[in-house]
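Student: Here are the chains, one letter per residue:
There are 2 protein chains.
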Amino acid sequence: MILTPNLVSLPPMIKNLESGWFTEIYRDGGSAFSLQIREKLHEEQSHYQHIEIYATTHFGNLMVIDGCYMLTSFDNFLYHEMMSHPALFTHPAPRRVVIIGGGDCGTLREVLKHPGVEHALQVDIDERVTRLSEQYFPELCESNHDPRAELHFGDGIQWMKDAPAGSVDLIIVDSTDPVGPAEGLFTEAFFRDCHRALGDDGVIVQQSESPLYHLDTIIRPMHKAMRDAGFSDSVTLPFPQPIYPSGWWSATVAGKIPVQAFRVADARNKTFQTRYYNADIHQGALAQPAFFGD
Amino acid sequence: MILTPNLVSLPPMIKNLESGWFTEIYRDGGSAFSLQIREKLHEEQSHYQHIEIYATTHFGNLMVIDGCYMLTSFDNFLYHEMMSHPALFTHPAPRRVVIIGGGDCGTLREVLKHPGVEHALQVDIDERVTRLSEQYFPELCESNHDPRAELHFGDGIQWMKDAPAGSVDLIIVDSTDPVGPAEGLFTEAFFRDCHRALGDDGVIVQQSESPLYHLDTIIRPMHKAMRDAGFSDSVTLPFPQPIYPSGWWSATVAGKIPVQAFRVADARNKTFQTRYYNADIHQGALAQPAFFGD
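Keeping their order, the protein sequence lines are chains A and B. Note that our numbering gives residue 247 to position 247 of the first sequence, counting from 1, and the numbers run on in steps of one. Basically our numbering = 1-based index in the second sequence + 294.
Hints in this document: simulated from the structure, not taken from any laboratory. Check the hints yourself; a few may be wrong.
Under 7 Å between C-beta atoms, here's a sample of chain A residues computed to sit facing chain B [as the list claims (entries may be wrong)]:
id, residue
1, 29
2, 55
3, 58
4, 121
5, 248
All residues carry an ideal CB built from backbone N, CA and C; glycine is no exception.
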């Protein structure tokens, strides 16, 4: 039996609470992931995007932006730890950190676990994401009042253009997918501004989507853009992330210094708790799947 | 708005081809994964289980057993490579390999890539799985006629009870979930039979479900059962597997020898192609997530 095209193109499930589930369809991969929902906690159209908050049955609270999973209470530790600690332990002594995006404040919390960090600035375009995170993901916002933390709400691309040369040690681009407001964060022009803003040992890390789905469309072009922008080394670190398409995600690190080595002893003797990251996991994430080399 | 329980308990989508998608709901995790379907290729009730084959839009062919994803053409390489090569490169010289389950023959194919293997016996209870794999996943069956391969259709638990002591170097338990026919493959009694059947350097590997969902219910009890059965060492290797619950899966290796080291030089100089596995990935999979140690 072959289905008629119009039937095939139907969405996999009713995308509303009456059915008790939330689904994100990843059409380019012909796949969809669903979480069972207890109730909708909040919904609004901010100046920039559509934001929904749900209480799930098993994943804690869920934030959805423009129909895509952003994070859940249950599994965000994988993403936030892998977006921060590998890059922080790659730079020899990161004191000045800038997070572009990251409005849920989970990356900021991880960054501030490093006692050597003197200033961590979060630049997210949408203040509403942060205000909703304070309400529905308070554990991610517990370092927002750390005296080293600064929250700025504005355009990260413009901020980076205006940043004084050499004024930053580490840039973490914790953005949404490369469509809409985040599109400009995946360009050589943006990486050039980052390169200029970074000091001599400067390191940048950017979320780089699924190793399985986006190797040719995102990951390889990102490496090229970072190298063309002046970074001398780059590497992609895969990690599990159940709520994102394919359940497998990645962070791409580039630097003015080699980024396939890191401060192993410091990572092994870190002074803070993590749930996924440790020195072995960092080393393991530097392993490149065979198909990366094809 | 709080949903009434009867609404919440509805399945997330219509589980039929009219909607153009196949969905597996993992109720204990409140999550579901869906693949878009082009057509149903086959459906039958074998003596042991309900088997369906679909053509998907992006994942190639899909085999479903008793409503659960078994494998797709697109992503099975992750599972089959990680169920075979780490264990094979852990044993010092595996010549005699027994696969319990594995009826799709994908693990058998990987095993036979090792030139040192002299005999690889696959013991699956359901011949229909193999016959359907030959038809719909021919690339996985390309080594079935290797003179070193032997396909036996019967009860793996009984086979292991009857195996002569010390007659096997490596046992790969490539089973379905620990419910129904596969339940007995997750017990200390079975692991005792395996221990007896294995030679002095014997190694066993068993699929051990999701690191995120099943640490306390499957993985830790499996380690205990393997140790209680006499194995002196055991370790769990996580790997990505998009179609299984949480998108993150694991293989647990135990041995009469240490299993956290492996023949690194041999793995680095392997004489065959893989798509995910290599020596670095093996080392990386031995890294234990921080929460494993909690």
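Student: Given residue 121 of chain A as an interface hint, is its Cβ closer than 7 Å to any Cβ of chain B?
Tutor: violated (27 Å)
Student: Tell me if residue 248 of chain A is really an interface residue toward chain B, meaning its C-beta lies closer than 7 Å to one of theirs.
Tutor: holds (4 Å)
Student: Is the hint on residue 55 of chain A kept, meaning its closest Cβ partner in chain B is under 7 Å away?
Tutor: violated (9 Å)
Student: With chain B as the partner, please determine if residue 58 of chain A meets the hint condition of a C-beta pair closer than 7 Å.
Tutor: Holds: closest Cβ of chain B sits about 3 Å from residue 58 of chain A, inside 7 Å.
Student: Taking 7 Å as the limit, does the beta-carbon of residue 29 of chain A come near enough to a beta-carbon in chain B?
Tutor: holds (5 Å)
The structure fails to meet hints 2, 4 from the earlier list, while all remaining hints are met.
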